[in-house]
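Student: Sequence:
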Amino acid sequence: MAETAVLGLLSNFAPYLQEEFNLLSGVRDDIEYVRAEFERMTHFLRIADAIEDRDPKIKVWVKQVREAAYDTADALDMYMLRLRSRHHQSTGFHAFVHKVSFFIKTLKARHQIASEVKGIKSRIINISEGHQRYSEMHGKKEQGSSSTHSDIAWYHCRGDALLLQEANLVGIDKPKSHLIQWLVDEDPRLKVLSVAGMGGLGKTTLTKKVYDDETVKRHFQNHAWITVSQSFKVEELLKDMIQVLFEEVRQPLPRGVDSMDANSLKGIINAFLQQKRYVLVFDDVWQIDAWQVLRIMLPECNCSSRVILTTRNVDLASFASEEYHGMVYNLKPLPLKESWALFCTKTFKENSCPSYLEDLSKKNLGKCEGLPLAIVAISGLLSTKEKSADEWERIYRGLGAEIEGNDKLKSMKKILSLSYFDLPYYLKLCFLYLSIFPEDCLLDHWRLIRLWVAEGFIEVKERMTKEEVAKSCLNELMNRSLVQVLEVTIDGRFKAYRIHDLWREMIIAKSKEQNIVTIASERGRAWPEKLRRLLVHHNLEDIQQSICFTRLRSLFMFSATDSLSMLSKVASLGKGVRLLTVLDLRGAQLETFPHEVVDLLNLTYLSLRATNVKMIPKSIGKLKKLETLDLKQTNVTELPDEILKLQHLRHLLLYRYDTDFCYRPFHLIIGFKAPAGIGSLLYLQKLCAIEANRGSNSGIVLREVGKLTQLTRLLIVKLQKEDGTVLCSSIETLDNLRTLKVTAKEEDEIIDLDSLTLPPRLLRGLSLKGRLEKIPHWIPSLHNLTKLFIGWSKLKDVDPLQSLQDLPNLLYLGLNMAYEGDGLFFKAGGFQKLKTLRLIRLVVLKWVRLESSSMPLLENFCLQDSKLMMELPSGVEHLANLKELELCDMSEILISRLKRDLQGGDYWKIAHIPNVLVGDSKSGFFFFFLVTPNLVIGPVVIYDTVEWEGMRIFKIWLLDRSLSMIR
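Mapping the sequence shown onto UniProt numbering, position 564 (from 1) lands on 564, and the numbers just tick up by one.
Treat the hints with caution; some may be incorrect.
Distance condition first, Cα-Cα at most 30 Å in a straight line; then the derived DSBU-like pairs of lysine-lysine [what the hints assert, rightly or not]:
(1) K794 with K833
(2) K796 with K827
(3) K346 with K266
(4) K413 with K346
(5) K774 with K745
(6) K495 with K512
(7) K530 with K625
(8) K108 with K512
(9) K385 with K367
(10) K883 with K846
(11) K57 with K624
(12) K495 with K827
(13) K385 with K413
(14) K63 with K471
Simulated DEER-style distance windows between Cβ atoms [claimed, not checked]:
(15) G905 with E773: 39 to 45 Å
(16) E773 with D444: 56 to 62 Å
(17) E186 with G904: 22 to 28 Å
No lab work stands behind these hints: they were computed from the structure.
For every residue, glycine included, the Cβ atom is placed at its ideal position computed from N, Cα and C.
Could you put the whole structure together from the sequences, leaning on the hints where they help?
Tutor: As structure tokens, then:
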């Protein structure tokens with residue numbers, strides 16, 4: 001991770017070296033020397049990064065480099081801030097006078113930076129004198145690490161997994177039976193089964209039980225189990241495999257095997273396996289490159305041979321299995337019942353859990369989250385402790401310390417930590433950064449990406465934005481099973497994540513060690529000498545007056561009861577936090593914009609989301625480095641013209657939802673009045689949501705939008721008909737646009753977007769709310785469109801489906817008061833990828849007809865408030881993949897025909913659908929009762945949530961219609 005700090009520093013040297021007038025004599029040379037020396041270090045840092053956790057000396061050296069890089073960045077940034085605060089633009093003679101005056105006034109600052117740079121140079125020289133150490137590191141890397149004590153311990157841990165008796169396992173019978181059935185299938189093709197999941201789930205244990213089963217043994221002629229691991233030598237692995245295969249059939253090894261190269265060894269294996277039915281297990285495969293080495297030697301001889309991979313890498317699992325007609329078995333955590341059984345067996349042996357320890361046992365078990373390795377380790381620790389509530393409560397509160405220091409948890413920590421050690425340098429810091437989020441806090445996709453970018457963790461890559469690079473980093477953490485996806489949009493994009501509780505405990509400890517994050521609310525904490533990121537959970541009452549905040553780069557306040565006074569306290573204790581780059585006050589109890597903020601000239605990220613702030617001061621223009629301004633769900637409705645001074649702004653989020661609604665309100669999104677010169681913010685990627693009706697300025701603002709060619713997301717509200725042509729002209733320039741949402745000024749205002757001739761080709765999401773004279777002619781050309789919502793359009797003459805049915809990638813279609821015809825016809829072959837269809841308040845609609853091959857993938861179908869429909873849509877019985885049919889506020893005649901015992905009724909059309917929900921709404925409350933027979937015990941179950949324009953609404957199963965209203 002020191003490399004990340006150094007690379008971030010190197011990318012920011014240019015402004016200081018370009019200052020021809022500002023540096024004293026000799027300082028430029030010193031800065032150039034420091035830059036060059038850091039540049040030379042990067043190669044050795046990459047090597048050190050892989051082995052520092054196994055070598056204390058290298059660990060110390062890396063820490064020295066990291067701190068030197070941070071201190072250099074602090075010194076240079078502070079110097080530039082001092083100069084910026086005094087700098088003014090002028091020309092001619094006045095410019096000369098100003099330069100002389102400026103030089104004199106900043107002489108003290110120049111001498112100070114000269115002194116600091118000389119001190120840093122001296123530190124760098126001392127660090128660099130250990131060049132021999134660099135060579136030693138390189139030698140260690142070349143020798144490989146398979147023989148280190150760490151790897152030896154790793155193999156012992158894997159051996160323990162292989163020796164587990166089946167009687168000691170729980171929850172293994174069902175997956176074992178499923179995998180055996182798949183293995184012995186008579187399909188003659190070579191197939192690859194990948195068992196994937198995070199470390200500690202029991203992939204090796206399950207696979208070994210399958211591999212050793214007598215059914216599998218009898219079915220295959222040849223068997224081999226090969227442990228691959230992170231660091232493997234190809235020749236050694238192939239020799240081991242040859243030995244296993246030849247010993248099984250009691251044949252002598254070929255001559256000269258010990259001296260053969262990799263290609264010759266692969267040839268022997270390939271020849272041996274020809275025309276044989278074999279099963280091979282490659283346990284613990286980490287990289288696609290490793291699989292590529294192995295796959296080349298596998299003959300495809302149509303003998304029903306099988307290969308099993310165990311891996312933590314989801315990408316590798318998919319790649320291998322898809323190539324060889326196989327499948328990916330994603331191993332899941334143990335359910336609660338099995339987890340409790342395993343915990344009690346290991347903790348209390350043959351006895352049951354004492355009642356006075358039951359709650360604490362479940363709390364400790366909750367930390368394991370169904371991870372068998374963790375359950376075994378933590379129950380093993382508890383089994384040796386005094387059976388007292390105080391002792392078990394202490395272990396629960398101090399689990400992080402126990403993981404770091406208790407020998408009984410070493411094996412668990414080692415196995416889990418391998419995934420961390422395997423991360424490339426650019427992901428380690430990103431992963432440890434997740435420790436800033438409190439326990440049980442959802443990790444919002446875009447929030448995390450914007451924070452990583454603001455913190456400087458993301459390297460610039462050619463033809464990619466920083467946000468795109470950050471997204472690829474997040475995907476890589478997910479594919480390595482280090483973060484878990486919790487929410488996915490209808491078009492498959494990830495929205496929210498979480499990390500396993502044990503991982504969180506481990507990365508908090510690692511973050512402390514690396515001085516990445518300091519958590520202010522921790523008991524008994526030791527404050528680091530230089531705070532860089534401070535996380536405040538509740539208060540700062542016991543903060544030490546001696547703590548220095550002048551190096552503070554990031555400040556987060558979660559659940560803070562008095563954020564404004566805490567911000568003032570931090571600023572006063574640190575004599576100013578002028579280097580602060582990230583300030584996140586989301587959800588704080590703020591009524592006014594904190595005046596301290598406008599003095600934070602280094603700020604790149606500012607979030608006041610979900611506060612009660614009403615006005616942004618003109619002084620916001622001082623924050624010229626700001627890249628993200630998040631004012632979503634505040635009461636701000638207008639921005640001052642000074643916002644245009646923020647020329648680095650990339651994300652401007654300012655809108656809120658009107659939550660007092662019945663059904664879906666027309667004015668659900670309340671935006672802001674943008675300044676007329678908004679088009680000068682050329683780096684904007686997200687602009688949400690601007691009000692278009694600004695009188696004589698409306699056309700100006702919409703014309704300015706066309707200059708924002710980097711926009712990926714645009715929300716416009718209160719659009720007037722006469723401004724449609726200008727908006728179309730602007731949209732045609734937005735080649736990067738992925739999401740467009742447009743709402744008319746009023747429900748009866750026409751949205752005129754038909755003059756658009758070249759719509760953005762990358763558009764994935766489109767929402768149009770307002771009257772339409774016809775479906776815009778350009779929508780059918782949006783081949784990348786996955787989500788389409790049309791509301792209040794009140795189309796009369798033409799069935800809107802005619803122009804939409806051939807959209808090749810459409811997954812979601814919502815029509816709300818969009819059509820005033822009496823019928824909708826879904827033709828055969830239409831909507832081939834559609835998964836969700838919502839037809840809402842089509843009040844004139846009488847019939848819906850579905851031809852047999854229309855919408856073959858539809859999973860969710862909602863009909864709401866179309867009371868003139870007397871029958872179910874004809875053809876609904878053909879929707880084989882339909883999982884949920886929702887009928888709300890429909891006619892009593894239609895509903896009565898769903899009774900199961902009604903002769904000539906329609907129940908037979910819906911019998912195949914797992915969930916059919918029938919309900920009504922009153923005063924904005926939704927009620928559902930289940931029609932299909934798989935009833936849930938209990939009168940009311942919240943079974944799902946629905947997102948309407950970003951709002952989360954609970955769906956409710958209401959099985960007893962006599963119950964009172966539930967929201």
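Student: Tell me the numbers of any earlier hints that the structure contravenes, in ascending order.
Tutor: Numbers 3, 8, 11, 12, 16, 17, in rising order.
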